[in-house]
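These protein sequence lines are chains A and B, in that order. Using the working numbering, read the first sequence as starting at -5 and increasing by one per residue. Using the working numbering, read the second sequence as starting at -5 and increasing by one per residue.
Watch out, some of these pointers could steer you wrong.
[Said to hold, decoys possible] One side of the interface only, derived from the structure: several residues of chain A facing chain B at Cβ under 8 Å:
#	residue
1	Asp93
2	Val141
3	Val265
4	Gly267
5	Leu281
6	Ala285
7	Thr290
8	Ala293
9	Arg335
10	Pro338
11	Val339
If you are wondering where the hints come from, they were derived from the structure by calculation, not from laboratory data. The beta-carbon is built from N, C-alpha and C at its ideal position, and this holds for glycine as well.
For reference, the chains in residue letters:
Protein chains: 2
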Amino acid sequence: MSRRPTGSAPRVGLDDRLARVALSRLAEPGDLRMNTLVTDLGPVAVHEHLTSQHDLHGLLDDVGQRLEALDPERELVQAEERGIRFVVPGDPEWPAGLDDLRSADPLHDRGGVPIGLWVRGPLRLDELAGGVAVVGSRSSTTYGESVARDIAARVSLTGLTAVSGAAFGIDQAAHRGALASGAPTAAVLACGADRSYPAAHSTLLDHIATVGAVVSETAPGLPPTRIRFLSRNRLIAALTCGTVVVEAAARSGALNTANWAGRLHRVVMGVPGPVTSAPSQGVHQLLRSGAAALVTGGADVLELVGASGEHLVEEPRGPVRSRDRLSRRDQQVLDGVPVARAAPVDSVARAAGLGLLEVQSALSRLHRAGLVEHGEEGWRLAALAHD
Amino acid sequence: MSRRPTGSAPRVGLDDRLARVALSRLAEPGDLRMNTLVTDLGPVAVHEHLTSQHDLHGLLDDVGQRLEALDPERELVQAEERGIRFVVPGDPEWPAGLDDLRSADPLHDRGGVPIGLWVRGPLRLDELAGGVAVVGSRSSTTYGESVARDIAARVSLTGLTAVSGAAFGIDQAAHRGALASGAPTAAVLACGADRSYPAAHSTLLDHIATVGAVVSETAPGLPPTRIRFLSRNRLIAALTCGTVVVEAAARSGALNTANWAGRLHRVVMGVPGPVTSAPSQGVHQLLRSGAAALVTGGADVLELVGASGEHLVEEPRGPVRSRDRLSRRDQQVLDGVPVARAAPVDSVARAAGLGLLEVQSALSRLHRAGLVEHGEEGWRLAALAHD
Chain A
-5 MSRRPTGSAP RVGLDDRLAR VALSRLAEPG DLRMNTLVTD LGPVAVHEHL
45 TSQHDLHGLL DDVGQRLEAL DPERELVQAE ERGIRFVVPG DPEWPAGLDD
95 LRSADPLHDR GGVPIGLWVR GPLRLDELAG GVAVVGSRSS TTYGESVARD
145 IAARVSLTGL TAVSGAAFGI DQAAHRGALA SGAPTAAVLA CGADRSYPAA
195 HSTLLDHIAT VGAVVSETAP GLPPTRIRFL SRNRLIAALT CGTVVVEAAA
245 RSGALNTANW AGRLHRVVMG VPGPVTSAPS QGVHQLLRSG AAALVTGGAD
295 VLELVGASGE HLVEEPRGPV RSRDRLSRRD QQVLDGVPVA RAAPVDSVAR
345 AAGLGLLEVQ SALSRLHRAG LVEHGEEGWR LAALAHD
Chain B
-5 MSRRPTGSAP RVGLDDRLAR VALSRLAEPG DLRMNTLVTD LGPVAVHEHL
45 TSQHDLHGLL DDVGQRLEAL DPERELVQAE ERGIRFVVPG DPEWPAGLDD
95 LRSADPLHDR GGVPIGLWVR GPLRLDELAG GVAVVGSRSS TTYGESVARD
145 IAARVSLTGL TAVSGAAFGI DQAAHRGALA SGAPTAAVLA CGADRSYPAA
195 HSTLLDHIAT VGAVVSETAP GLPPTRIRFL SRNRLIAALT CGTVVVEAAA
245 RSGALNTANW AGRLHRVVMG VPGPVTSAPS QGVHQLLRSG AAALVTGGAD
295 VLELVGASGE HLVEEPRGPV RSRDRLSRRD QQVLDGVPVA RAAPVDSVAR
345 AAGLGLLEVQ SALSRLHRAG LVEHGEEGWR LAALAHD
């Protein structure tokens, strides 16, 4: 299922790619200094400097030694044996959105354009560009999971890719929603693309790798760490054009992803829930602060991320009532008819502010339409016409 | 319990009051033309014009005749016998907020400053000025009712009055929440203040009338009509400084109240709910459109309507984690420790981007703090430090 990395050789020199492999193995995901050096000077120059112990900015310890111990060609072959390709800037499938990470807030101590991404699965990364991230708490409710599943399915049915982090709770619900609609989905991991975290999701991840993509900035074989989770969140935001937070307790990692999405000028969206539900607290905070737009389902999401006018949502309008089909004058009479106790014609006429004769003929029409009732004491509504 | 209307005689001449009584009995609540004439020319002039059949703008049929058949002094006495007083502009308890109705959108075909308000109960109307309207669907859920009750109770405990419409569902929950906290509450009706609509709430309304106020623009004895409901909604909005919509299906009357609140430059607030819940649809529409601010409870409401800084809400922050008490360097090391499978010190050092010795002493500290575990294969987190 995987593609040979050499498929993109025409645009990226092998030295460049191998230097990136080595640096990807050496550096931590989201190491802003390293990523900035690689983006600015190119991987080959950085690699050369580091191996010749020109430790550019006191960046790392014993770096030269460790770099020399690496065998990037062998790494690539081993990765390929596990169905993993290494996608780097300049490759045809390199997603342009990742380059936005270059300009993101330099005061932040993590970030930058990744040196490369390890990818397992047939889905091309550049196909994620119009995609939507659906993220949220691991401690989710069945409500949240059901909404995440629906949003991912709806987004997938229009051909956009649902992206998430393969965690318990909302993440897995999003992946499953996409898969259930027969669409590929992308899981961005905080560990190597060959590993399964959480372990309970190894079948899910293998399935995603056969139809979609399992993506990681972390080199194959490496376990997840907190740094890697935080760095991973920026990729989920950068790879897509919008992030939906379905449920997130205060301080949830999903809020970190939403934060990155906002910083990268992506669309940030939040699904509300009961105010009594802890996993919705973080989302309500996002919505209150104005950092996220409220969405109630896939249609709202598509309207916000879609090309203009492409997915316009029809406002829910409630049932059309028989009242709506009346003339303005008949409506006016109807509005003057008592709700509960019946009243005589002249009382209705006064309430409606109209003449007696006019009101009498209107009442006959309304009676034929089944909207008013007539008894000994006069007229009353046949059904409640207000809420 | 009621006050004698003559208690305010020093400021409003009796002719003025009696003219208003007659006009209140003659005209429909929210009759914009009538209300504007009374505001601009004064009730005595309008009354004189109408009785002398100078039908100013083709306003009403056989008006002079009907006005002459009225006995406003008797009306006042009869009202007083039922514990109802008639509050008019110029009375000490006349709520200044109602005068804002004068300037509200003149293109709208209903509105205007009411000719007077019929009030049953000891609560002074001017005490509603800082109050909060809590409104919503009659077809509410237990979730919505519980939130409405809590908000009304919380608002009441700070001395602000909760105002609503005494309908089934959210309205009654709001009144009960206020009463449960030992505070008065005001119910604004679409029928006469002596009547109970819905009939099932007659005990509730009688209770409100003993500690708070039952208020209506509709003269005593008259039944509710759709026109009177819509006119009533503008009063709920105008009498308070903010309106909270708790649950409202699309086209709910509560949205009409919210609309009036916005037009009158009051604070408009909405409580979100599950996106799968029909009674929350209308609220989500309000929130999406930006017409309302999202509130999750009484504290949020108080922050938005309160005097600046008076009721500032502390953002929910989630539990303080032991991680937060670490030095920045120790946090950096902790962030490099694998989540699941253990790793040797040099791997942690590399992940943290720090020197071996430094990492070793940090790991000892973290171990003593119970944050990391140490086994044969190396170090791992003692507890998950991410979500």
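Structure-based check of all given hints:
For Asp93 (chain A), the suggested interface contact is broken, since its CB lies about 24 Å from the closest CB of chain B, more than 8 Å. The restraint placing Val141 (chain A) at the interface with chain B holds, with a minimum CB-CB distance near 6 Å, inside the 8 Å limit. Taken as an interface hint, Val265 (chain A) checks out: its beta carbon lies about 6 Å from the nearest beta carbon of chain B, inside 8 Å. For Gly267 (chain A), the shortest C-beta to C-beta distance to chain B is roughly 6 Å, which falls under 8 Å, so the interface hint holds.
For Leu281 (chain A), the suggested interface contact is upheld, since its CB lies about 5 Å from the closest CB of chain B, less than 8 Å. At a threshold of 8 Å, the smallest CB-CB gap from Ala285 (chain A) to chain B is about 12 Å, leaving the interface hint violated. Of the supplied interface hints, the one on Thr290 (chain A) holds, with its beta-carbon coming within about 4 Å of a beta-carbon of chain B, less than 8 Å. Among the interface hints, the one on Ala293 (chain A) is violated; its C-beta lies about 11 Å from the nearest C-beta in chain B, farther than the 8 Å criterion.
The restraint placing Arg335 (chain A) at the interface with chain B holds, with a minimum CB-CB distance near 5 Å, inside the 8 Å limit. Annotation: Pro338 (chain A) was flagged as interfacial toward chain B, and the flag is violated, the nearest CB pair being 12 Å apart, outside 8 Å. Annotation: Val339 (chain A) was flagged as interfacial toward chain B, and the flag is violated, the nearest CB pair being 13 Å apart, outside 8 Å.
Against the hints set out earlier in the document, violations occur for numbers 1, 6, 8, 10 and 11.
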